[in-house]
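**Student:** One-letter residues, chain by chain:
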Amino acid sequence: MQIAKTVGCILIILSSTLMGFYCSSELKSRIEDLKELRKIIMLLKGDIRYCNTPLPEAINAIAKRHDGNFKDFLVRVSKKLNERSGNTFSQIWKEAVENELHMTSLTKKDKYQMIKFGEHLGYLDKEMQLNTLDLYLVQLDEELRGLTSNVKEKTYLYNSLGIMAGIFISIVLA
Amino acid sequence: MKTKDELLKIFSSKLRAIFGSLNINFDDLQEIRLRINCPLIVSYRNREYFVTENAMLATDPARGFFISRNEIDETMEYISNYSLYAFEEEIRQGFITISGGHRIGIAGKIVVQDNHIKGMKHISFINIRLAHQIKGCADRVMPYLIDETNGGIFHTLIISPPKCGKTTLLRDIIRQISSGGPHMRGMNVGVVDERSEIGACYMGVPQNELGIRTDVLDCCPKAKGMMMLIRSMSPQVIAVDEIGSKEDLEAINHVINCGCKLIATVHGSSLEDVKNKPILGELLQNKVFERYIILNNIREIGHIEGIYDAAGNKII
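Just so you know, the sequences run in chain order A and B.
Quick note: the first sequence uses my numbering, first residue 169, plus one each step.
Quick note: the second sequence uses my numbering, first residue 68, plus one each step.
Bear in mind the hints are in silico, worked out from the structure with no lab data behind them.
These numbers come from a predicted model, not from an experiment.
Some hints could be false.
Unchecked claim - Straight-line Cα separation of at most 30 Å, DSS-like style, residue types lysine-lysine; simulated pairs:
| no. | chain 1 | residue 1 | chain 2 | residue 2 |
| --- | --- | --- | --- | --- |
| 1 | A | Lys-248 | B | Lys-71 |
| 2 | A | Lys-247 | A | Lys-284 |
| 3 | A | Lys-262 | B | Lys-76 |
| 4 | A | Lys-213 | B | Lys-188 |
| 5 | B | Lys-185 | A | Lys-213 |
| 6 | B | Lys-81 | A | Lys-284 |
| 7 | A | Lys-294 | A | Lys-213 |
| 8 | B | Lys-76 | A | Lys-232 |
| 9 | A | Lys-277 | A | Lys-248 |
Next comes chain A alone, as it looks inside the complex:
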């Protein structure tokens, strides 16, 4: 009986510790993903500003160069745009955000902001595109600043909470 209890406590502490580590690694991955997304938006901005490249062509070019978590997303948007299946750009973008970003650690809020950004792309003139891209870059920068400023504290907090919660639950159950 005593052995079973000990094994149970060890398992609880182990799993809650892993949970804590998972949360902290998710936070780090989210930062990496947001940085990656920022890079993609910068590339898109460059293509539009200097070459006036249409969106399908620009996204396709980025998809070819990109090899990270956003590759499937970019490939899908570019493919759907070239199919011209009767959907607007924002519909295609939204669908891809919802279905192709499972590999990333982006939160619901991040995806919502991405969808909102897609609603204004391709619309009106070049100035409008650049303003939309700039606005989204500012949003991403703010998000990144907020996350990176206390990433160390949060990682430490998640890790400690995981271990402590495991110990606490074990004591209560024992």
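Using the hints provided, position chain B relative to the given structure of chain A.
**Tutor:** Chain B in isolation, oriented as in the chain A frame:
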């Protein structure tokens, strides 16, 4: 078939279904007109028809498929590749050239700023003019363009009203000069394709055949492009479509003084017409061009009305 596939991509899903089932030869289709709240019209084998919802050609306007705001908006989205901003300059001029070299004329509400056209909104009228590549259509004129004294070619001006095939003829002349043949050696040809109609470049690659010794400056203003080509690609022949501005005239003089040969086109129906044009008239008086080809569409599109020498004497 290639024309049909290329063309279907630009239409809204409804129009795509109609044109997809339309049983006609798309190579003989000249124009498609979309006007908001009006029936769909096509110009086919020099005749105007209304296209019905069940994909038939009709002569009664009431049977035509009526174009709604949705059809126009969706079609514009595809024409501009979801990126109207990429065609700002073209929209200011009133047309966009798409893959395949087809020219899309657009009209709607003009946005004016400081007395200049800034853009266009509420686009409600679309005219799709189909470009056709006809290899060999210049066979008849080529012997008259070759200067047998030095094996080169003459400075040539193609004069034609709209829709008479001047760009098609120019394209084939470029192809034949560039590739050469049994009667002439191939020459380096520089093409300034301001509206992407000659080469129909897609991502820098000409979709129409322009010969093996041709360099294309795509979407480049003619006058600047001619100068650039001379400096960078040392062409023996320069080809441009629809000349007429003062800047063009200066660039043409530069081309001619550099020893390059020039092949150009201009809107008009006779030599007299062109002589009366304020800028081009000067070129004719100075006998810059050594050959004039005049086209019309009286018998068929691209019918050669006559070829004239520098003095205006008819050769054929």
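**Student:** Hint by hint, say whether it matches the structure.
**Tutor:** Outcome of the hint check:
1. A threshold of 30 Å between alpha carbons decides the hint, and for A:Lys-248 with B:Lys-71 the separation of about 21 Å falls inside it, so the pair holds.
2. Between the alpha carbons of A:Lys-247 and A:Lys-284 the distance comes to roughly 21 Å, so the proposed pair stays at or under 30 Å and holds.
3. At most 30 Å may separate the alpha-carbon atoms for a hinted pair to count; A:Lys-262 and B:Lys-76 meet this at roughly 22 Å.
4. In summary, the hint linking A:Lys-213 to B:Lys-188 is supported, as the alpha carbons are separated by about 24 Å, within the 30 Å threshold.
5. As the CA atoms of B:Lys-185 and A:Lys-213 are separated by approximately 22 Å, the hinted pair is consistent with the 30 Å bound.
6. For the hint linking B:Lys-81 to A:Lys-284, the alpha-carbon distance of about 28 Å falls within 30 Å, and the restraint holds.
7. Annotation: proposed proximity of A:Lys-294 to A:Lys-213 holds, straight-line Cα distance about 10 Å (limit 30 Å).
8. Between B:Lys-76 and A:Lys-232 the alpha-carbon distance is near 23 Å, which keeps this suggested pair within the 30 Å criterion.
9. For the suggested pair A:Lys-277 and A:Lys-248, the alpha carbons sit about 24 Å apart, so the restraint of at most 30 Å is met.
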